[in-house]
Every structure is written in C-alpha cells, then in structure tokens.
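Can you make the complete structure from the sequences, with help from the hints?
Here the protein sequences line up with chains A and B, keeping their order.
Under this note's numbering, the first residue of the first sequence is numbered 1, with each subsequent residue one higher.
Under this note's numbering, the first residue of the second sequence is numbered 269, with each subsequent residue one higher.
Hints were generated in silico from the structure; no laboratory data involved.
Ideal Cβ placement from N, Cα and C applies to all residues, glycine included.
Please note that a few of the clues may not be correct.
[What the hints assert, rightly or not] Below, simulated DSS-like cross-link-like pairs (lysine-lysine); rule was C-alpha separation at most 30 Å, straight line:
id, chain 1, residue 1, chain 2, residue 2
1, B, Lys385, B, Lys366
2, A, Lys140, B, Lys366
3, B, Lys366, A, Lys195
[Said to hold, decoys possible] Taking beta-carbon pairs under 8 Å as the criterion, some of the chain B residues facing chain A (in silico):
id, residue
4, Glu324
5, Val356
6, Gly398
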Amino acid sequence: MTLLDADSTTRLVERIAAAGVCLSSLEWLAARADLRDSGAFGWKLVRLSIPSVLQAPYQSLADRMFGYRSVTMLLGVRFLAAFLLLAPNYSRPLRASLCVTLAVLAVLGRVRLALGMNSADQMSLLIFAALALGHLAGGKAASISLWFLAGQVCLAYFTAGWLKFRERGWRNGSFLITVLCSRTFGARRIGALLKSRPALAVLPAMAVLIAEILFPVAVIAPPTIMFGILGCALLFHLSVGALMGLNDFTWTFPATYPAVIYCAACLR
Amino acid sequence: MTAHNIGFIVVCALLGSWFVASAVSQPGWRWNPLRSWDVLGLIPAWRMFTPRPDTEDYYVLYRDRLPDGCITPWSEAYPIPRRRWFHVFWNPDKHIRKLLSHVIRGFAIELDEAASKAPDSKPIASPMSGPYLAVLYAISNVPRLGGEATQFLILRHDAFAGSQPIPLIASSFHRL
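Here you go:
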C-alpha cells in the first residue's frame, strides 16, 4: 500500500516545483534590465561563454531567440506555464504539454542564463523533464519519474554532504562562520555571534553535513524517521533562503520530497 | 506489445541512463568523461557550496569622465543589499550577485595565473577577457546622469578576517 498513488504524488511534485518556477520567473523579470544587450546578462556577452558547438550552426537562430525581447517573452511564457500548472484537475495531455514547455525552457535557460543559475535550477530542469516523460508515456511511467527524482535528490544531498565531509573547514564549522560573516551570502549578526563563539558553529555545521550524507536513508527508514529527515531538510532550505538569500532551493528541492515519500511507501 | 509498454520501456531507459550518467559525473570523481559532452548542462553537478563556499565580498566601483574632462567620485555599482527576512520569498538580486561573484573569481584566477607566469611584473587583466567584459557591461548598464567614459575598480574584502577591502583590479577608461 502506498501513502499516495503515483498520479497524486506527481501532481504534488509539479505544483510545488511550478510555484518555485513562478517565483523564479518573476524575479528574473523584475531584474530584466540586466538582460538587455548592455547589461551583465546581455546576449552579446553571454554568447561569448557558450560552447562553440552550439554557436556556429545556430548563431542566427540563437540571436533571435536569446535577444532581450525574446528572452523576456520566454520568461513570461515560463511564468504562465508554471502558473497554469498550479490549477487543479487538468487532463494528462495538458499537464504533459505544460511540463514539456517548462522542461524545454529550463534547457534554454541553462544556455542563456547559466551564470545566474544554481543547483536549484538544475533540479527544476530534472523535475519537469522527468514528469514530462512520465506524462507522455502514460501508465506506470509516472512511477519511474518519481523514482528518478527520489534518486536524484538522494544523490544531490549525499554528494554535497560527502564533499563537505572531506573539507576540514566544514567539519569544524569555520566555513559556516566565514559564509555567514560575508555580506554577499551571509547574515552578519549571526556571523558575528558565531565568530565570537566558534564552538557554536560546530554543531549546525556537523548537523548539515551528517543530515546530507544520511538523507538517502529516508527512502528505507520507518515513516517517523523519514518525516524527521524530510523536516530537517526543509528547515535547512528555509534557513538557507532566509540567511543566504538563496530562496529557489526552498521550492525545488522540497518539491521532490513527495517522490521520496512515494518511493519509501512502495518499499514498505 | 502495447504503446504503453513501449513508452514505459523508453522512459525506463532514458531516466535510468540519465541517473547513471548523473551518478558517475558528480564532482569528486576523478574519472568524468561525460561532462565535456554535456553542452546543454543536462547532467547535474550537485556542489551546493562545496568544496569551499564563497566567503569573500566583492565591491564594484565605477567613476565617469564627463564631457568637460571632470571625473566623478567613485560610486558603488550593484551594492550588496542587506539581508532581509523576506529574501526567503523574494530576492531578485541574487542572480546579479552570483554572476559578479563568478566573474570576479574568474578575474582573481586570471590575475593569479598571470602573476605566476611573470612574478616580477604587475599582473594585468586582459580587456578582452570574459570577466573584464562582463564587469564593464554591468557597470555600463548602471543608470547615470552623463559621462563619456567610465572606469571600474574591484575591491575584495574578507569580512571574517576583518581586514580593509583591497583593490583587485582597476580598469582604464572605456567609452560609454
């Protein structure tokens, strides 16, 4: 018996992820001056950093597709597609087409806006690509999409946790303090507090590190432990959003948690 | 075999391969043959602040040369906003901060490489390099009252060490 069936879980994943995409699109549109040709994300400049294999044969198409007007329009379409996905009870073909649209736009975004993107955008791409494939194939394929997403989120946390574990600065909390002391990605009051009492940083740093490494256990753990791990992970992303300003993680990573719950229930 | 079965097998094959490709391409693996083929960025790299997070602040300053030859005082472009509680919901500045952080770290690497090749001479960033042009474009886009040319200065600051910001690079004047 499963806590949720594959279709309900898929709907939950796509709605949470779509809410994140709505917010992300609006944030890009709010800062659209930077997308102008004269701006830091201007196409003339971004074009220089694009792999040459994508440039030569498609140059004129790319120029048309990624200029200021087109890219703001694509962001508008991205917002609209994600907004429509929030509404309840669409038919599978419509949800499939919206997921395909968002997956394609996520790939285009990886090319056009790469320097402003992070792991949350990577996860968003995986979510909509996997859901789109699941919708298009129909039947039991939705379940495979959920297993894929649960696998990716476990891989993401485990890799990040393992890479942190190998660095002494993460283990003793000093990296946490230096990040929080910075203005760019920090919260200076908390950074100053931890700087004056470095021992206080060891516990949260180790907690993050261990929780990330142990995250895959959620798939095989009893429900109480699984919900405990997911709750800690959600709290971590809320803290990262509030303290570091990286708010897109708050949506895209938790969007995959229903897939973890589904897979854990399937294994029980 | 029905269409659903074929679809199921195709999805299993695609997502299964994608997952295996992701698993063997994570940072930290020495053997990573797929990354160079991934021009669209489909294979994720789950770094998330590893191995070392960004701990330095970078400040981009600019000044303009006016048509009468006067030079304006230094102003800060894209000042780092104070962290606010609502950034958990709304933070459109994060993209430009990430870009600047990325390109300025590119600058630092470029200058370090130049310094290691010619230890006796003062390292100079190439005005045609990606990081240089990115900063130049960024400051050219800042709203201003006038000016026929602009110059930028990048300061790096280690807030944890509590030291004074130190100049990383000062550009020449470039026509606006």
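The hints, checked one at a time:
no. : hint                : result
1   : Lys385/B x Lys366/B : holds (29 Å)
2   : Lys140/A x Lys366/B : violated (40 Å)
3   : Lys366/B x Lys195/A : holds (24 Å)
4   : Glu324              : holds (7 Å)
5   : Val356              : holds (4 Å)
6   : Gly398              : holds (6 Å)
Hint 2 alone, counting from the list given before, is not met by this structure.
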